[in-house]
Amino acid sequence: MKTGELLLFIIIVSIFAIFLMGADVIEIPYFISKSLLRMICAYILTLIFSISFAILMAHNHTASKILFPIMDILQSIPILGFLPFAMLFFIHLFPVYGTELVSIFLLFTSMTWSVLFNTIEGIKTIPNKLSDVAKLTNVKGLDYLFHIVFPAIYPPLISGSITGWGGAWYFLVVGEYLIFANEIYSLDGIGSFISKSAYSGNIALSILGIGILACVVLSINKFIWQPLLFKARKYSYGRQDDLEGEDSRVIPKLEIFYERYIKNFALTNSFLRNTLEKILKFFDISPKTQFDEIKKISSAFVLQIAILFGLIIFGILFTTSNMITFSSVFFASLYTAIRIGIAYSIALFWTLSVAILIAKKTSLLKYLMPIFDVGQSIPAVAIFPIIVVFLINSLGNGSVAIEIASILLIMTGVQWYLLFNFIRAIRAIPSEINDLGRMISIDKKSQIKEIILPAITPAIIVGSLEATAGGLNATVISENIVYDNQVYSTLGLGYLMSQGAAVGDTTAIIISVLAMMIMVLLVNRLVWKRMLSAIEKYKFVV
Amino acid sequence: MVRLKVDGISKSYCINNRTVNVLENISFSVKKNESIVIVGPSGCGKTTLIRILSGLEVPNKGTVKINRKIISGPSDEVMLVFQNFALLPWKTVLENVEMGLLTFEKEKQEDIALKYLDLVGLDGFEGTYPMELSDSMKQRVGIARALAREPSILLMDEPFSSLDPLSANNLRNEVLKMYEKTRSGPDVLITITHNVDEAIIMADRILVMGQRPSKIIEDIKVNLPKPRDKKNLDFQALVDEITSKIVI
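Just so you know, the protein sequences line up as chains A and B, in that order.
The opening position of the first sequence corresponds to residue 27 in the numbering used here, with each subsequent residue numbered one higher.
The opening position of the second sequence corresponds to residue 45 in the numbering used here, with each subsequent residue numbered one higher.
The shape of chain A in the complex, shown without the other chains (with noise of 0.2 Å):
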């Protein structure tokens, strides 16, 4: 089963549910219109903040020390965290467009890192020779950044998008329908139809809503994403085993356009080279073949904690608000981080034996992969409400319910991350490791234990980093559920947070975002940086 034939057997169910459910179901083309214009809008943000800061901080030495802390620190904010401030802020200031920005800067915010830092590390792939070469031929300004600069971060550029744009979908569904201070901001997009669907108890329509952006997201991913990164594989100077894809019609008009209206006209417009070669000139961007390190600020951690922790405190001794004592924070604290912690193991437990199966049968990953695909495309957020009910309904307790419920949902938030840090990692294995393990004609066992899980080792620490914190993002979700207008929900930082911003509680919000920072600093350096540091010689060098 191909993704493109997954596809087809989706439209046509879509098509099939329009029949039965008739006028509702109209509009959806102009809601997906609205959502992908949306999307499309914060994606544009997303490139230019992410390539020109990543251009600066990769060049500029000093604007690399200030800024490197400030975006890990920024990196490390829950993203539904930053939403009711952006309430704040851009609903009073612009009380017209206030929740279209809203829901465009949550999906800045969801797509930008991943492009940001892939984006780095693309221009310190840029080898030495090439840098020397520049120098030698004085190619500098523009000309550089056009001819080598651009080039170089197309790959990572392109598979950061890809890893930004799969989160931004979940956060669709939740941009487009919010509740803050009692008051209920939704606009026009398949996400909303989606909430609104669930939250007033209609499962088949939100059903048909899902299935829908998920044929949204694989057609974007089939025709879009896929063929670019098939494109990549020209730009790409390291390995190119993980490029996969294929090519596709659209992108040779895309290229056309980058060439002739962005390139060229960048490159020719003799008043906008000059603003941007001032600017360039300015901020010290010129070929380079020894690029800073990325310093992790060590010791300023203590720093961050001691200051997060003290505003805590601060909040809790000065606040008018009534969720907000020292044991509620802290039981709060606690029962996230168990609930994180369960739906953590879970989802590493089935990732870790379907890696396993596909690493002991690689043919088997054409079959599965694009289940995970649609899997990963199917905004988890939305199919909560209903399996809350139903396991209420089943289970005749709605505080046991809402808790497995809870933990499923996170488990949304945590599984993708390290099932396709794994798939990358088993595909990175050189086949001459395969040949050699059949040559001694290891036993299963054996290939499990000295070959499989010694490979993906990296991809468990690195997609662990990246799953907790998923996970505490869901927890947003997961710990207050609103089903057919009624609230199920269960204490912990989220539900501390979704129901301060529900009833516009601005303590509330910000001891449950500070609490939540101060989770993922703790256990990103106390467990996983650790863990990192020590997997280097886990890495197949080539």
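The hints are simulated quantities; they were obtained by calculation from the structure and are not laboratory data.
There may be inaccurate statements among the hints.
Computed list of lysine-lysine pairs in DSS-like fashion (alpha-carbon distance at most 25 Å, straight line) [said to hold, decoys possible]:
(1) B/K150 - A/K563
(2) B/K274 - B/K113
(3) A/K565 - A/K387
(4) A/K471 - B/K259
(5) B/K135 - A/K563
Based on the hints, put chain B in the right spot on chain A.
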């Protein structure tokens, strides 16, 4: 005594719905104590041939017999030395060699591995990780791992082509010495290369392969005295002869 007999093997692949014939009707046999080198232009299917001999791939037609038995997959009789070493980066040198001996008891593994590490001149590097080694030392580990399995046929797929010429030269001479001296070692050596000098230095017989679909276009016995001297006029004449036969 015939150790290895290749009988009419052909192999084709299907790439993008197109059938590519890589090998066509290849037959030869190798006697005990013979060192065979297979040379040919790049892309002629040398690697496919050695993968078939090692049992990693199955030919579409024809058979490979080792000690008169048709092989259907990798066996204890044969071991392969890889072009890019195929070392596991998370294992020490010793553990990498022990990988070849997984079916043995743990203590025996270590004894045998140490013996062969000593043989390839890596005494004292047992606890080192591959990333700390030079390429030529990495290949020594690869060779030690192959020899430790005590195969009767040792296959080498461009074993020195990832090394710089000086270390390649060194290691090649050492491998030849080992091959000639060790009694318990392999008694058939089959090497693939595109370096004609290397072929003449190592071979008792050279098989020259043609363009795809490849056949063996020449089977040359090398009668020069060992160790072979590149400055020897006969050596040079042979280089010219073989080079002219490799159609590029």
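Now the hints, each set against the structure:
{"no.": "1", "hint": "B/K150 - A/K563", "verdict": "holds, 24 Å"}
{"no.": "2", "hint": "B/K274 - B/K113", "verdict": "violated, 39 Å"}
{"no.": "3", "hint": "A/K565 - A/K387", "verdict": "holds, 22 Å"}
{"no.": "4", "hint": "A/K471 - B/K259", "verdict": "violated, 41 Å"}
{"no.": "5", "hint": "B/K135 - A/K563", "verdict": "holds, 9 Å"}
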